[in-house]
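If you read the sequences in order, they're chains A and B.
If you use my numbering, the first sequence corresponds to residues 42 to 258, in order.
If you use my numbering, the second sequence corresponds to residues 49 to 596, in order.
Calculated from the structure, these hints are not laboratory results.
Mixed in with the good hints, there may be bad ones.
What the hints assert, rightly or not - Sample of chain B residues with no beta-carbon within 12 Å of chain A, all distances over it, derived:
1. 109
2. 114
3. 185
4. 283
5. 391
6. 419
7. 427
8. 429
9. 481
10. 514
Claimed, not checked - Computed Cβ-Cβ distance ranges for the label pairs, DEER-style:
11. 185/B - 181/A: 30 to 38 Å
12. 473/B - 70/A: 29 to 37 Å
13. 185/B - 182/A: 36 to 44 Å
14. 278/B - 77/A: 41 to 49 Å
15. 395/B - 214/A: 58 to 66 Å
16. 166/A - 285/B: 30 to 38 Å
17. 110/B - 81/A: 46 to 54 Å
18. 241/B - 238/A: 34 to 42 Å
19. 545/B - 70/A: 54 to 62 Å
20. 198/B - 182/A: 29 to 37 Å
21. 81/A - 99/B: 54 to 62 Å
22. 181/A - 110/B: 50 to 58 Å
23. 99/B - 89/A: 32 to 40 Å
24. 222/A - 75/B: 21 to 29 Å
Think of the CB as a built atom: it goes at the ideal place given N, C-alpha and C, for glycine as much as any other residue.
So you can see what is in the structure, the chains are spelled out below.
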Amino acid sequence: MGATHHATDQPEWVASFFESAEQQRSAASMGMWLFLAQEILFFSGLFMAYIAYRFLYPGTWLSGAEVLNKWMGAANTVVLLTSSLTMVLAIRDLQLNKTASSVRWIWATVGLAGVFLVVKAFEYAHKFHMGIFPGGHYEGGAVEGMAGIFFGIYYTATGLHALHVIIGMGLLGWLAVKVKNGSVTGENDVLAENLGLYWHLVDLVWIFLFPMLYLVK
Amino acid sequence: MSTETEAVDAPEPSYLAATRGWKSWLFSVDHKRIAIMYLVATTLFMIAGGVMAGLVRIELFTAAGDLLDADQYNRAFTLHGSIMVFLVIIPAAPAVLGNFVLPLMLGARDVAFPKLNLASFHIYMAGAALLLVAMVLGSFDTGWTFYTPYSSTTVGPVAWALTGVFILGFSSILTGLNFIVTIHKMRPPGMTWLRLPLMLWSIYATSAVQILATPVLAITVLLLVIERAVGIGIFDPTLGGDPVLFQHFFWFYSHPAVYIMILPAFGIVSEMVAVHSQRSIFGYKGIAGSSLAIAIVGSLVWGHHMFTSGQSIYSSVLFSFLTFFIAVPTAIKVFSWVATMYKGRIQFTPPMMYVFSFLALFMIGGLTGVVLGALSIDVHLHDTYYVVAHFHYVMMGGAILTYIGGLHHWWPKMFGRMYPMRLANITSALVFISFNLTFLPMFVVGSRGMPRRYYEYLASFESLNQIATVGAICLGVSLFVTLGYLIYGAIWGEPASENPWNAKSLEWQTASPPIEHNFHYQPVVTGTPYDYDGAEPGQKVKVAEASK
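When you get a sec, could you build the whole thing from the sequences and use the hints?
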């Protein structure tokens with residue numbers, strides 16, 4: 042019955058229920074944008090909590106930001122921004138059918154994500170060493186007022202962001218394999234485009250987290 | 049499209065008969081089979097939630113606490129609420145009827161992401177399993193609302209239930225995402241936005257709320273899980289946290305969630321009222337637009353759950369105003385449905401009986417909602433049985449009964465067979481009567497001050513509570529009869545024709561039950577889905593002219 046329903050002049054990677062490659066591509070792309078919208082709303086809960094408690098405890102928020110290591114945060118910002126660049130280069134090379142170079146750029150992105158996590162791990166380790174734990178476990182002493190809440194939000198927000206980075210590394214590794222074995226190509230590149238969008242969102246969340254937690258006075 | 053007319057003479061097997069074996073169901077990416085699996089799952093959960101409701105009602109038959117002790121009672125209403133909200137009402141209409149009819153109404157072969165659709169079902173079952181673990185482990189008694197600080201401090205398997213809710217949210221988000229993309233990208237040639245069946249406008253608005261509100265619930269329950277696990281203090285007043293913040297977060301999802309529940313019902317009613325009155329829908333644009341207006345304004349009224357929680361009075365005034373305001377688009381719909389029936393050829397079919405039932409019950413539920421939206425009155429009625437009666441009129445009378453009506457409407461399409469119509473008509477009347485018997489007395493005891501969520505109450509409320517309990521038992525029996533004749537009809541009923549109701553939308557123009565790929569030909573749409581007055585030719589399946 043497939044023959045009745047499937048136009049035979051379509052490339053084999055177009056699913057049988059789509060009329061055309063263009064329809065499949067635009068559907069996948071729209072699906073990703075909607076997924077990103079829900080990601081933003083997921084993080085918005087944390088941002089709202091941050092704002093609400095910032096109003097309640099402005100002093101805590103100021104001295105909490107002082108404790109965070111601005112240089113490490115800034116370094117990680119640079120690392121993530123660079124990884125967005127390498128992601129874009131990977132997609133561009135894929136579209137130019139430079140497969141080998143595209144795969145290299147994808148792995149470079151994964152590598153930079155790894156660097157981000159290592160820096161983050163050093164930050165966490167240093168904080169734990171200082172006795173800076175979230176909520177009721179806080180015993181750092183350097184921050185006035187309700188320090189537990191500030192660091193509760195800090196660890197939750199950066200932890201969830203790090204989880205997104207880890208998931209992204211897995212997805213990008215999968216993409217690298219698919220590009221290498223030819224199931225994602227310059228023609229059929231919507232998976233690469235979509236994972237690129239996801240990666241930019243992970244980047245973007247950090248672009249907000251960094252100034253909110255580390256910088257804003 | 050292929051332009052050859054091969055193999056249309058030999059009848060293709062229906063989607064029910066196309067393949068066999070349990071794996072061909074459990075791992076099917078066919079939207080129709082996924083809909084049937086959701087139907088089975090939500091029905092089983094509805095029975096479980098109904099049994100819990102039965103326990104609550106039987107306990108309340110007498111003023112003294114005799115059948116259940118306080119803890120058991122708390123668990124019974126918690127399980128009733130959580131099962132009905134998270135496992136039944138939120139998924140039922142979109143995941144069962146939406147899944148089944150959406151691609152058919154679009155003349156498409158499937159939704160845009162069939163594998164994701166199947167994944168949504170598996171995720172739903174996984175989340176449901178976790179909720180069930182919480183129930184088996186016992187002492188899950190926070191109510192379905194999980195209010196802090198009780199939920200963050202009580203012992204018991206709250207974290208299991210929260211994780212279950214978190215996972216169920218993914219299922220809901222992915223289903224919504226799938227439907228929106230499908231409606232945008234897979235409409236057939238000629239189906240402009242204003243030729244979209246109103247069911248799909250409703251599904252669209254529902255899906256938008258699912259995508260935009262559910263992630264906020266996800267972060268909320270996640271924060272609560274983290275709070276319970278490591279004590280980050282975000283909702284803990286002793287560490288400077290604010291329990292009211294939890295309420296804001298919770299209702300930011302859970303108020304829009306009631307529109308996830310009721311919006312599909314609006315769509316179902318829109319279809320049924322036009323088809324079974326054989327009349328063009330009145331105010332198509334008004335009904336479609338008001339669905340979107342309700343989705344938008346409904347996302348901005350969550351604070352009306354918190355009038356007595358100590359939020360700013362200025363916020364309360366604003367929330368109160370917006371709550372009143374949302375009655376406007378809702379009323380536009382109700383007036384349009386009534387106007388559709390005017391001068392129609394009203395058929396007294398079971399789906400139409402459910403439309404009548406809906407109009408009466410939803411009017412009561414909706415108007416008492418406006419009463420509760422008034423600040424001063426709400427202070428008196430907050431947390432009383434008046435609230436319980438109100439939301440059961442909307443959630444059960446509005447959402448669940450209309451969903452059941454929708455099942456009656458599309459049952460011949462789903463299974464290719466008819467249920468016993470006369471029995472269905474009588475039973476629907478019994479459902480309506482026993483529903484009112486159950487919930488009308490609650491308005492009275494509530495307005496006299498009987499609080500919700502207690503297993504004992506003042507003896508002066510006893511007689512009204514006994515009426516409610518008797519009504520609940522009748523309601524349960526009527527619904528079991530409904531289930532019985534629907535199953536009977538699906539298996540042994542009279543074979544149904546392609547279009548038993550003489551409807552005009554596309555899903556009625558393919559075989560009953562449909563073939564696996566829905567249509568033999570790409571449908572081309574030349575008119576509106578509600579053309580009963582002969583001005584336009586309606587929506588027809590035509591052989592696509594050598595397209596491409």
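Hint check results:
1. 109: Nearest chain A Cβ is 42 Å from residue 109/B, so the label holds.
2. 114: holds, 42 Å
3. 185: holds, 25 Å
4. 283: violated, 10 Å
5. 391: holds, 41 Å
6. 419: holds, 30 Å
7. 427: At roughly 25 Å from the nearest Cβ of chain A, residue 427/B sits farther out than 12 Å, so the non-interface label holds.
8. 429: Label holds. Min Cβ-Cβ 28 Å, cutoff 12 Å.
9. 481: holds, 42 Å
10. 514: holds, 44 Å
11. 185/B - 181/A: 30 to 38 Å: holds, 36 Å
12. 473/B - 70/A: 29 to 37 Å: violated, 48 Å
13. 185/B - 182/A: 36 to 44 Å: Because 39 Å falls inside the window, the suggested range holds.
14. 278/B - 77/A: 41 to 49 Å: At roughly 29 Å between Cβ atoms, residue 77/A and residue 278/B fall outside 41 to 49 Å, so the hint is violated.
15. 395/B - 214/A: 58 to 66 Å: With Cβ atoms ~59 Å apart, the hint holds.
16. 166/A - 285/B: 30 to 38 Å: With a Cβ separation near 31 Å, residue 166/A and residue 285/B satisfy 30 to 38 Å, so the hint holds.
17. 110/B - 81/A: 46 to 54 Å: holds, 52 Å
18. 241/B - 238/A: 34 to 42 Å: violated, 26 Å
19. 545/B - 70/A: 54 to 62 Å: violated, 41 Å
20. 198/B - 182/A: 29 to 37 Å: holds, 32 Å
21. 81/A - 99/B: 54 to 62 Å: violated, 40 Å
22. 181/A - 110/B: 50 to 58 Å: Given about 57 Å between the Cβ atoms, the range holds.
23. 99/B - 89/A: 32 to 40 Å: holds, 38 Å
24. 222/A - 75/B: 21 to 29 Å: Cβ of residue 222/A to Cβ of residue 75/B: about 25 Å, so the range 21 to 29 Å holds.
Hints 4, 12, 14, 18, 19, 21 from the earlier list are contradicted by this structure; the remaining hints agree with it.
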